[in-house]
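K.L.:
For the record, the sequence lines run as chains C and W.
Here the first sequence is numbered in the working numbering, starting from 24 and rising by one per residue.
Here the second sequence is numbered in the working numbering, starting from 60 and rising by one per residue.
Take these hints with a grain of salt, some might be off.
The following residues of chain C were derived to be distant from chain W, with all beta-carbon distances above 12 Å [unchecked claim]:
#1 GLN38
#2 ARG146
#3 MET156
#4 ASP197
Not the full set, but computed from the structure, chain C residues with beta-carbon under 10 Å of chain W [stated by the list, open to error]:
#5 GLN133
#6 TYR134
#7 GLN170
#8 PRO182
#9 ILE187
#10 THR201
Taking lysine to aspartate or glutamate pairs in the DMTMM-like style, the calculated list, with each CA pair at most 25 Å apart, reads [unchecked claim]:
#11 W:LYS573 with W:GLU482
#12 W:LYS371 with C:GLU122
#13 W:LYS556 with W:GLU608
#14 C:LYS148 with W:GLU608
#15 W:LYS313 with C:GLU165
#16 W:LYS313 with C:ASP197
#17 W:LYS403 with C:GLU155
#18 W:LYS371 with C:GLU204
#19 C:LYS148 with W:ASP582
#20 W:LYS374 with C:GLU155
#21 W:LYS600 with W:GLU575
#22 W:LYS371 with C:ASP168
#23 W:LYS403 with W:GLU367
#24 W:LYS313 with C:GLU122
#25 W:LYS103 with C:GLU122
#26 W:LYS313 with C:GLU204
#27 W:LYS313 with C:GLU140
#28 W:LYS371 with C:GLU153
#29 C:LYS130 with W:GLU246
#30 W:LYS305 with W:GLU347
#31 W:LYS313 with C:ASP168
#32 W:LYS271 with W:GLU286
#33 W:LYS362 with W:GLU399
#34 W:LYS403 with C:GLU153
#35 W:LYS313 with C:GLU155
#36 W:LYS371 with C:GLU155
#37 W:LYS362 with W:GLU246
FYI, nobody ran anything at the bench for these hints, they're computed from the structure.
Keep in mind that this is a model prediction, so the values were computed, not measured.
Even for Gly, the Cβ is constructed at its ideal location relative to N, Cα and C.
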Amino acid sequence: MSLKKFDDYEKGREQEALEARLQAEIDSLKTPISAPHLWERIEAMLRKEETVARSRPARFLKKWFILVPASALVLAGIVLGFFFGLKQRVTPSGILAGEALQKIELKERQYVQAIDELEKKARPKMAAMELEMVSLYRDKLETIDAQIRRCRAALASNPANAHIRRYLLAALQDKRQTLAELLAYEY
Amino acid sequence: MRKKTILGLSIFSVFLIVYAQTAASMAPNRANAPSGLTKATQSKSLHESVTSAPGKTVRLEDMQADLTITAWDRNEIVLEGSVEVGNANTEMLTEFLAGTKLSIEPSDDGFSVKLHTPFEWRQRKGIWSLSGALRNFLSSGKFNFSFSARLDVHVPSDQSLVVNNSFGNIKLSGVKGRHDVRNDSGEVRVEGCGGTLSLRNSFAPANVVHFKGPATVDNESGDVLLEEISGGAEVRNSFKSVRFGKIGAALSIKSESADVIGTDVAGDCRITSSFKIIDVRGIQGRLEVRGESSEVTVDNVKKDVVIESSFKPVKVTNVQGGLRVISESAAVTAGDIAGEARIKSSFNEISAARVHGSVTIDGESSAVNLREIDGDAVIASSFKEISASNIGGTLDIKSHSAKVIATDITKGASIASSFNSIEVRRVGGNVKVDGESSSVLIEEAAGNVDVQNSFKYVILRQTSGSIRVVGDSSGVEVSQIRMLPKGSTIDIRTSFKPIMIALPKDADVAVSAKTEFGKIHSDYPVYLEGEDIRLAAEVGKGTIPVRLETSADITIKKEL
Chain C
24 MSLKKFDDYE
34 KGREQEALEA
44 RLQAEIDSLK
54 TPISAPHLWE
64 RIEAMLRKEE
74 TVARSRPARF
84 LKKWFILVPA
94 SALVLAGIVL
104 GFFFGLKQRV
114 TPSGILAGEA
124 LQKIELKERQ
134 YVQAIDELEK
144 KARPKMAAME
154 LEMVSLYRDK
164 LETIDAQIRR
174 CRAALASNPA
184 NAHIRRYLLA
194 ALQDKRQTLA
204 ELLAYEY
Chain W
60 MRKKTILGLS
70 IFSVFLIVYA
80 QTAASMAPNR
90 ANAPSGLTKA
100 TQSKSLHESV
110 TSAPGKTVRL
120 EDMQADLTIT
130 AWDRNEIVLE
140 GSVEVGNANT
150 EMLTEFLAGT
160 KLSIEPSDDG
170 FSVKLHTPFE
180 WRQRKGIWSL
190 SGALRNFLSS
200 GKFNFSFSAR
210 LDVHVPSDQS
220 LVVNNSFGNI
230 KLSGVKGRHD
240 VRNDSGEVRV
250 EGCGGTLSLR
260 NSFAPANVVH
270 FKGPATVDNE
280 SGDVLLEEIS
290 GGAEVRNSFK
300 SVRFGKIGAA
310 LSIKSESADV
320 IGTDVAGDCR
330 ITSSFKIIDV
340 RGIQGRLEVR
350 GESSEVTVDN
360 VKKDVVIESS
370 FKPVKVTNVQ
380 GGLRVISESA
390 AVTAGDIAGE
400 ARIKSSFNEI
410 SAARVHGSVT
420 IDGESSAVNL
430 REIDGDAVIA
440 SSFKEISASN
450 IGGTLDIKSH
460 SAKVIATDIT
470 KGASIASSFN
480 SIEVRRVGGN
490 VKVDGESSSV
500 LIEEAAGNVD
510 VQNSFKYVIL
520 RQTSGSIRVV
530 GDSSGVEVSQ
540 IRMLPKGSTI
550 DIRTSFKPIM
560 IALPKDADVA
570 VSAKTEFGKI
580 HSDYPVYLEG
590 EDIRLAAEVG
600 KGTIPVRLET
610 SADITIKKEL
């Protein structure tokens, strides 16, 4: 065997050994996990990250879109809380304050005016109604009138008492409603 | 992240609102501070107490205050109150409050609570400690001065209460005794109390809940609520609603123009109201309702029900006793009645179903509809349709100008009407019809059939007994005769209209037919008699006489 041939032979053996070792190492590896379109997905993620990085100012603004109304809500809550809290403190008094008394007296006058108007219209209608209904409405109106008189008598010595005022107003409302019902009654 | 932020902020906002409310509620009373618009007000707290004993009576009379009376487990009566006054003159307010006192004094049967104010000076002229200004002011009678009081009373739980108050709300809780509560123009609530209660109020709701014992409530122009009353209850009120639930014994309600709505009464129940709704359910005893112009609904009553009403619908269901309704111009519906039902109304429909006893209807101008009646049915009505089906006994209808439909009558039927058709099907006994100007149809009658009518057709099918028809200008058609029992007869007489009869092929009949102006057509061999066109035929033994008379055509057929 010539030297050249011997060298070739040695190289061939080394090559074979190398290949055998590589093969052994390949065989020792586990079966690779199937990951189709892996690169495409990696690319998509990279693109998304780029987009997110570019839109950081927009995200910042977005946060403000939440924070501003939320802060307004909080502020409104505080304002309303104090408003209603203080308002509630004023009302439990059994005595009506001057302005409230004026308002309620105005309301009473309005009711009385409305009742006067309705009574004028109701009188001829009552005359034409059947006896049972006349009796019913007369009873009811007399009862309400008695209550109005009672409330007014009580108010004469206790004019700003909220409870009595409330009941006078309720009686006036009741009378107005009764007269309106009477006028709406179809016979 | 965003959701968390929003949620956090919302919670924070709610917290701030609550905080603000709390802070505000702890703020000083601004109403007490005089200002340009606000009238000057001042208030004074009052406190009194006394040791009590079981069975005592606590009297709170001549009051004009919000009263809260609560039972506790201590043998002591404690009063805590406040008086608020308002006027432009602060000096006068101070003096007024100085003269305002709360007292609790022994009385014959317990204690008497009084709230003394300088207003009494006007009546008694005894409090000379008041300044001249206040005395003059109170003497003048021209008040620009206002007064409001609140009183919390704690009493031992076994005390009786006598309360006389006006223009204030009253709340009683947990006290057991003989309670007499009078109030005017203020809400009254009695809760968790017991003993006996007499409550009078006006123009505001009176509520009694969880009361152990009988209760009487009189509330003019005020709502009444009774709930869980272990004894009987009596209510009088007007114009506002009465509601009740779980009453332990008899209940009586006398109201005027008020809704009355409630359930579960252990005893008898009497209700009077008018013009509004009456709705009552679950009555263990007898029920009486008087509701002029009231819509009445009744359900589930263990004993008899009596209803008097008018104009508005009446609906009654599930009655284990009998039912009697006397109404006027009201639609009446009754269902599932164990006993007898007697219903009177007019101008609106009367309907009864599933009645186990007999039914009597008196309904002028009322449509009547009866179904599934186990006993006899008697109907008197007019003008509107009458329908009766599945009647277990006999059916008797006396009407005029009404259409009548009667089906599935177990026993006999007797029907009188006019100017409208009368249809009768499947009758187990005899059928008698009197129908002036009414067409008459009778099908499947097990007994004898007797018809008298005029101008309209009479059609009889599938009969099983004697047949008698007396018509005036009525056409008569008889067919599908099921049987002609021994001793039965057929007698059909009319005028100006034809008679058609189909006889069973094997019938033993002796036919006599007579017409003045018509023709006689016969499937049987005939012979003529006299001057009129007269026919005689004998089939079989000829034991059943058949007489046919009219001035028009006569047709005699042999049924195949």
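K.L.:
Against the structure, test the hints numbered earlier, and report the numbers of the ones violated in rising order.
P.N.:
3, 4, 5, 6, 11, 12, 14, 19, 21, 22, 24, 27 and 37
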